[in-house]
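Keeping the supplied structure of chain Z fixed, place chain V upon it in accordance with the hints.
Number of protein chains: 2
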Amino acid sequence: MSKWVYSFGAGHNEGGADLKNLLGGKGANLAEMAVIGLPVPPGFTLTTEVCTAFYKNNHAYPAELKDQVRTALAQVEKAMELRFGDSARPLLVSVRSGARVSMPGMMDTVLNLGLNDTTVEGLAAAANDPRFAWDSYRRFIQMYGSVVLGVDHHRFEDIIEQTKSDSGAIEDTQLSVLDWQAVVAAYRTMIQEEIGKPFPQDPEEQLWGAIGAVFGSWMNHRAITYRKLHDIPADWGTAVNVQGMVFGNMGADCATGVCFTRNPSTGENAFFGEYLVNAQGEDVVAGIRTPQPMSNAAAKPGEVSLETAMPEAYGELVKVRAALEKHYRDMQDMEFTIQRKRLYMLQTRNGKRTAAASLRIAVEMSHEGLINQKEAVLRVNPSALDQLLHPTLDPSAARTLLAKGLPASPGAASGAVVFNADEAESRAFKGEAVILVRVETSPEDIHGMNAARGILTTRGGMTSHAAVVARGMGRACVAGAGGVVVDYNAQTMSTGGRVVRAGQTITLDGSTGEVFLGLVGMIEPAMSGDFGTLMQWADDNRRLGIRANAETPLDAETAKKYGAEGIGLCRTEHMFFEPERIGAVRQMIMARDEAGRRTALARLLPFQRDDFHKLFRIMAGLPVTIRLLDPPLHEFLPHADAELAELASALGTDVESMRRRAVELAEANPMLGHRGCRLGITYPEIYEMQARAIFEGAIAVAKESGTAPIPEIMIPLIASKKELEITRAQVDRVAKQVFAETGTTIEYSVGTMIELPRAALLADEIAEVADFFSFGTNDLTQTVFGLSRDDAGKFLPAYIEQGILAKDPFVSIDVEGVGAMVRIASEKGRGVKPKLKLGICGEHGGDPASIAFCEEVGLDYVSCSPYRVPIARLAAAQAALGVEGDRTA
Amino acid sequence: MSKWVYSFGAGHNEGGADLKNLLGGKGANLAEMAVIGLPVPPGFTLTTEVCTAFYKNNHAYPAELKDQVRTALAQVEKAMELRFGDSARPLLVSVRSGARVSMPGMMDTVLNLGLNDTTVEGLAAAANDPRFAWDSYRRFIQMYGSVVLGVDHHRFEDIIEQTKSDSGAIEDTQLSVLDWQAVVAAYRTMIQEEIGKPFPQDPEEQLWGAIGAVFGSWMNHRAITYRKLHDIPADWGTAVNVQGMVFGNMGADCATGVCFTRNPSTGENAFFGEYLVNAQGEDVVAGIRTPQPMSNAAAKPGEVSLETAMPEAYGELVKVRAALEKHYRDMQDMEFTIQRKRLYMLQTRNGKRTAAASLRIAVEMSHEGLINQKEAVLRVNPSALDQLLHPTLDPSAARTLLAKGLPASPGAASGAVVFNADEAESRAFKGEAVILVRVETSPEDIHGMNAARGILTTRGGMTSHAAVVARGMGRACVAGAGGVVVDYNAQTMSTGGRVVRAGQTITLDGSTGEVFLGLVGMIEPAMSGDFGTLMQWADDNRRLGIRANAETPLDAETAKKYGAEGIGLCRTEHMFFEPERIGAVRQMIMARDEAGRRTALARLLPFQRDDFHKLFRIMAGLPVTIRLLDPPLHEFLPHADAELAELASALGTDVESMRRRAVELAEANPMLGHRGCRLGITYPEIYEMQARAIFEGAIAVAKESGTAPIPEIMIPLIASKKELEITRAQVDRVAKQVFAETGTTIEYSVGTMIELPRAALLADEIAEVADFFSFGTNDLTQTVFGLSRDDAGKFLPAYIEQGILAKDPFVSIDVEGVGAMVRIASEKGRGVKPKLKLGICGEHGGDPASIAFCEEVGLDYVSCSPYRVPIARLAAAQAALGVEGDRTA
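Chains as they are written, first to last, in the numbering used here: chain Z, 55 to 943; chain V, 55 to 943.
Don't take each hint at face value.
If chains are identical, the list can't say which one is meant, so a pair holds when it fits in one copy or spans any two.
Using 30 Å as the maximum straight-line C-alpha spacing, the simulated DSS-like pairs for lysine-lysine come out as follows [to be verified]: (1) K668 x K887; (2) K861 x K882; (3) K110 x K120; (4) K891 x K668; (5) K790 x K132; (6) K406 x K395; (7) K891 x K251; (8) K882 x K668; (9) K790 x K218; (10) K120 x K887; (11) K373 x K882; (12) K891 x K110.
Just so you know, the hints here were simulated from the structure itself, not pulled from any lab data.
Isolated chain Z (complex conformation) (with noise of 0.2 Å):
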């Protein structure tokens, strides 16, 4: 005979935490709670799988189940000194659903049931309070009736509107027992219209009722989106939880609260909670008055705590506090009633936290010895940390929404608005903070983007170029901003009807997407101890290696603060825009023959040099991979007439033959076009000059310090292994030359990006002549998918909304698709160098879910924006925490 139904409290206890699938959460930590001795009313729990079992035998119960669930309810009736239906000492129950994991608000619940015409007598005589059980009783077939029964709530609500109106009454607390007992007849007569026969008196009736009513929930069209959205799946089945009930609206020594084991907003190892007498748990919610706090120490002048109230109750619970975390050992949120001064526990759970206080409680519990520090670095979410990072608004601060975009890159920023990014730079110069708007950025924008506090865009998604450099920078930007409507003649943005012209000062919500009009104030970031301590506990943990990206002395900087073990990926090309260059740049771009590229290349030569030598100083024995010149050229060409006719007479030719070359080299789908490798074989000049750069200022570096850095060259977009072949033979020829004039050898290795399928495919072929491999999922996401970043912001929404993705494959690799390129990659290159070297650097490197990816395949780091370096600490060291998981399971 198969078991369906487990009792829990007053000493039957049949279940426990561990058997959260069969019980649900809730029925689960019931039984776990009156295991260990803590005051839970008693009851009992129809497992999920007699919900299964009703759906796979056409909505019919499983034989055994009628006597069983009798069984139990008579243990509940002999436990409470009451029985159900009993005129007298009548047994009132809840029905509860409870599912593996909570889906709140999902399913249906019902209170008070077991109340009738008789049995709300026998209520109001135990209580002494008729009133108190007339309005139970007119709740109950409130809850029951549209519950179970299917009647609109309206039909309810106008009852009550209409008694209230007759009685002159404005508020429900105004209504005396004889009109909840004119409501509850009209109730009937109401139910009775409406379905045809009597609402049910018999208490046995109702239960069976209340049951089927939660089961069916399960299949409402609610709960079968969340499941759709979550990934649960349909056959998991809820529970039913049938419990005794108590109350804590019973009188002046009754009460109801919700309490955490410690601050859930600070971490802070302290009592925290709110509570009201004389109240039901939906009156805390209401919020029509005003709960008060646990503990003396909470209480602010005017507030009376528990501690003081109710002084006993408020001891048994801090007993209750601290047993539940001890055994838990993480944060506990529970629910508690007080009846007549006798305190139960309803609910405990693992409580919801910020990431401030996830840190501070990972860190102390682990301190206090009640979990180890590989448990605290698994208690802490990663993608949490990026709060941690970044200044953010004040929750409290006045604000008002203009408009929403795309989170694009975390933090808070306020300033001027300024449409263009010369004149970013210099009111930012002037000292002044300024937002840039654009409808999209490019390259060119990058000294604005830099000098603004914050980047809003109304075109691009999440990996858009705003996007990728505003994170990459650690600057707020808020992408894709699709209702927000700029004019750059008239320098104003609208939206929603408003206008707001350059100059006037918005907010921006990176986090959230939020853009608000004028100044909202900010809490700055505070790195605690504890940030360090736990990064040090996930770097005892983790296998991956963690570079980051970056190209500036301020982001190897950063990098290097945030613990970066060298640098994944300096994208050469953000060099080039700098003022004093840029000139030689389109120079070069403007040259009609190899002379005039040469020429303008010795003038780059010089910079590019001093570049690499600051960054080789400031990862000085970490490695340095430098990627060659990816980007097409016309990229680094301006749009504008203005600009192009300044810079045609800078060159000393004309607008016309500027035009021109623009126009030659505009392409139709530039992300699949004449840009990395195929420019360095095209214009081999190009890559000899950065070569060079790179070998001169890495001996310059060894010369000064007595440590010669490894420069790791990269060369960008290979899809053969002949490119790679003739652009590592000229970065060994200008090696060798280099070597030669200084009289300095150095080591150094030359690699390749893999980000196109044929490279992943004849990764066999490519190894032979690569010393490294890194993977560019941002590309290789881009041509897997045949999904440019750019204008996939057109209908990525739609698609992750309807459930075709996940999750935005640009944010998060796509394991399926892009991830089998990796390993088909990774598995022919190592097949045949078992050694090569093996690293992510696009966008992903810094994505908690990523992570575990390359941790799965094997690679040897991960390389992120400086910013996200903490988060890829963390993420790499859950994700091997997680391999040895699964290794001793």
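Chain V only, in chain Z's frame:
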């Protein structure tokens, strides 16, 4: 002891045609001719293995070589009754290279070797012609001097010029024996100066010098480049042929000539060739004297045929012709010399021929029983058929070359230059022949392209829009003529200093990429009965189905005429551009909501239904694969301001909102943007309309004809199973509706393009909801390589030149990368559904090498443009026969 030298001729035949790898083509065929009893001057071949050993052993010959050469030479002396270096009867030899495959002009040759100051007198006496002997001697010194001794050929020419000027001669023929003796003396002095030692007089030294030079020429720059371009491994090596000299220039009873067993131009089974009396081979080539025809039948008035001039030798040659063709079972290209009435064969090889000749020869040889039908099928190069299906320039017509671009779509066309599509259409409507000239074309130019005789673009590659569409339409096209500058405002195109105005006539040769000024005479294609015969034999031998890519009734009819077995790709968007519907398309795009889109789509529905109705009627009983809308919506909007304004007024909106919408729709990388099923998912009403049009059209044909067509509905740009699930469900829903409305149910299937790497990687999942896969290898090539076909023109030519890519991957499938994806998808798809129908509908479907790949992977069919259907039929047969060959091997 290894055998390094193989004798041939005069009864000492050690080799044969089967030893081509060892003896090279020339040596093997000389031996073969000798074996079958033809008159071949005796000689011997130093094998290709000598060459390989020479390079392996640091330029040293194998030890046994000298002895083997000496023995073989002695046999030649004996057979010819001459002696090497003999003052009275000197043996002279030629020393020629001969690799496995012909490498014309790449390596060196030395004739008349063995002449010196003594033997020249012997030759003079034997020939009874001192001038002949001294001319031969100076030719030998000249050839040996430049080839073996490395003396610049100008030095020799200067001496002859000086001699001519001294003696007042204008032509070489005016020089006397004394003059030639003076030239020889001057040569010898000059050589002594140049190389510091005298010209070698010892014939044996001469011989080894020449042999060394031939082996050395295998590694000269020209040869290395040629091998790289033609994928010939360096370790194949070359052989060296040493052969007794015979002379066609010893008097009036001597002659030399080149002939073919059949006419290489028409294929006619008639002896074809030309000869010169008293001449050497080089005189035929030099063109100073006019060669005469072989037979009386071929002789025009005033010409003297060999048949008439030397009837005996001619009679012998006719027998040789018959013997060689019967022996080699293919048309032969032969060189012969007649020395004192005696015929000598110096070379035979399979003759090169035109496409028409190739076809005729294959069919006639099969009829003659010389080869079987399978062999006939294998004899014709499928790509050559292209020439037969389009008009070609008359080779004898005068022409002025203007520019050169890519041979993007074959055929020739003349017409007036027109710079926009509307004008092209209106002028063509009036009966004028026009050539549409554009920088590049876009879908809005299609009506103009269709109206034009040919298309010229200055940008874009072999698979640019212009090229693909032109091939599909069978229009001649020269694409990417980078040297031409088009000025739309001035209505001119200029190139190389010449300006061509609108209205002037130009001629395109789409088979060579040439552009000519004015009208150039043309030859219309004539489809012979042989063509039909060979196609029938091809069909008897192929496994792959052949379909066509076609949208219009005209295309469909052409396809059917050429033997297509259905439509493999009907691109519905092409149907949207017709003038009477583009308005509704644009109205749909401008609509702000679904209701507006539905109104516009309702206007389009009757047009689409009619389109499909017509296609289904033409393709009655054959499958028709229809791809739902694929390109991004902005392709349907005009770009020019004037057109935008016109459209705005037509749609009752303002230019500003038109422009805003155009900007909204613009994409950074349209290839990777909002297109394909992404449109179908975000605007489901579009696919719904298309599905309805398909089912209504098909049911109309079913009712009309009693036979229902089987539409195959194809969803483009699928990257995940869910996309196909969603769009397929839409189609199924519409099918149900239409079946219910019409009371008729028909069969149909729904499948997908596999054109993204992710679709290939997840093909097993996708196959669960697909009835068929069609590989869209154009887009797959773009994404696998990360290569935009519109932009590749900037570097792809350099890539092919440098050997990074063997071929343009848009023309012939990249087997290693793109092919790997096709293979993965085929295996995964068939792993789930063993009978899953697989086809290919990219441009590769008409490329023979790609078709061979499709055969190997086991696809069910290929689909190509209508004009390539015959090519595909033949290529498919050859692929099947190839595979069969491999199987029996």
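*asked:* Which constraints among the numbered hints does this structure fail? Numbers only, ascending.
replied: 1, 5, 7, 8, 9, 10, 11 and 12
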